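Okay, here's what each chain looks like letter by letter:
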Amino acid sequence: MLRYFISVFFLFSFFLSQAQKDSLQIGSRDSTRFGQRYGLRIGVDLSKPIRALFDSDYSGLEFVADYRITNKLYIAAEFGNEKKTSFESLENIDDINRVELYNYTTSGSYVKLGVDFNTYENWYGMTNAIIFGARYAGSSFSQTLNNYTIYDSNRYWNPTTFAPGSGSSEEFSGLTATWLELLLGIKVELVANLYLGASVRLSYLFTNKEADFFPNLWIPGFSKVNDNSKFGVGYNYSISYFIPLYSKKENKKKNESPPEE
Amino acid sequence: MEKKRILLFVLIVIISIIACEKDDICVDGDTPLLIIRFYDSENPSELKAVPSLRVIGLGQSSTVNTIADRTSLDSISLPLRINEANTGFILISDSADEDDLETGNNDTLTFDYNTLEIFISRACGYIANYDDLGELLSSDSENWIQNIEIVSPLIQQQDSAHVKIFH
Chain C
968 MLRYFISVFF
978 LFSFFLSQAQ
988 KDSLQIGSRD
998 STRFGQRYGL
1008 RIGVDLSKPI
1018 RALFDSDYSG
1028 LEFVADYRIT
1038 NKLYIAAEFG
1048 NEKKTSFESL
1058 ENIDDINRVE
1068 LYNYTTSGSY
1078 VKLGVDFNTY
1088 ENWYGMTNAI
1098 IFGARYAGSS
1108 FSQTLNNYTI
1118 YDSNRYWNPT
1128 TFAPGSGSSE
1138 EFSGLTATWL
1148 ELLLGIKVEL
1158 VANLYLGASV
1168 RLSYLFTNKE
1178 ADFFPNLWIP
1188 GFSKVNDNSK
1198 FGVGYNYSIS
1208 YFIPLYSKKE
1218 NKKKNESPPE
1228 E
Chain X
13 MEKKRILLFV
23 LIVIISIIAC
33 EKDDICVDGD
43 TPLLIIRFYD
53 SENPSELKAV
63 PSLRVIGLGQ
73 SSTVNTIADR
83 TSLDSISLPL
93 RINEANTGFI
103 LISDSADEDD
113 LETGNNDTLT
123 FDYNTLEIFI
133 SRACGYIANY
143 DDLGELLSSD
153 SENWIQNIEI
163 VSPLIQQQDS
173 AHVKIFH
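Chains as they are written, first to last, in our numbering: chain C, 968 to 1228; chain X, 13 to 179.
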């Protein structure tokens, strides 16, 4: 739920920045040509280690990278590793009296490859970005069903608890999933060559190889899998460093095109 | 610029909808009960109610909670033990007390089966189904149960009888 609020506030922040840009760009555009810097940007997702600090059932690390190929287009990738222990309880009233139905640990790695399209027109010398992007992602992981009980609304034989399941700590390995992600993000240059980025992602699960006995309820890189929907949501907050490789003058035609307003 | 805002708005709407999820309340399934129907042993196609029927799980002190105690019934549903391979019941016909002693006719019936554990949904987790249902009637001097027929050895649904008892 918190993630959802953060996502929405984050999205609304675009409107603020867009509005400001409109009001300031009334004058004629600077037609000076300047070199656009091309290179590789690499970094890490900050949200995963921070989450791991506060949530002992979670650990994760994600590296992010993008490489600029044209004025607006970047090849982008993320790869990472996540491990999460989750449980499902019958009553979510409090932690002490909770009746746990099952408890499982998912662990695995993922890769996301795709493109970023920068829609933000920077002022002279600035290299910030508002990004629409797409990724094709894949994950290879395992799930361990730590323990589980058998749900039965009739309490004649087990008045206080549910009967325990016959197997426990069973590991289901060799699980895979692939999905498509659409993302909306920003990248802001904090100091020279150091960027802070954030993105929200909407994902659609394409393939999902799961064990017969226990379905994939959580997938590294994809997060929670919904019961009746192939959609998922994700986010990241990255800090990355830009390694400039070469400069290229911006296309002349582009510069001389008349202003929008 | 207008287009971008519309696109943003659409994305916000989509994410808002997707962020909603069903309450984690288990409504998707439950471990089924064993359904028994009573038939007339002289006229096997006719249902015949057992007068003042009382059912006690073997090893339990209370009567089963799925039927009204000491009523005349031709159809009952019984809970099976999930983590055991068999469940016994004492079925008492014409049940009544006299000086705190049971005067009805006790028959002990034991069912054996395999338990199948099945994942139903995120909210429910696992439920049990039963397979290879068998029965064993402990014989005594006068059994009121004449014959038992397993109709469905797989207990997955609750909409029809799994066992027919003739008396």
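Honestly, the hints are just simulated from the structure, not real lab data.
On a predicted model such as this, the values are computed, not experimentally measured, just so you know.
One or more hints might be untrue.
Computed from the model, here is a short list of chain C residues facing chain X with C-beta under 7 Å [to be verified]:
| id | residue |
| --- | --- |
| 1 | GLU1067 |
| 2 | TYR1069 |
| 3 | ILE1117 |
| 4 | TYR1118 |
| 5 | LEU1151 |
| 6 | GLU1177 |
| 7 | PHE1181 |
We put the beta carbon where it would ideally sit given N, CA and C, even for glycine.
Starting from the hint list further up, note which numbers the structure goes against and sort them upward. 1 and 6
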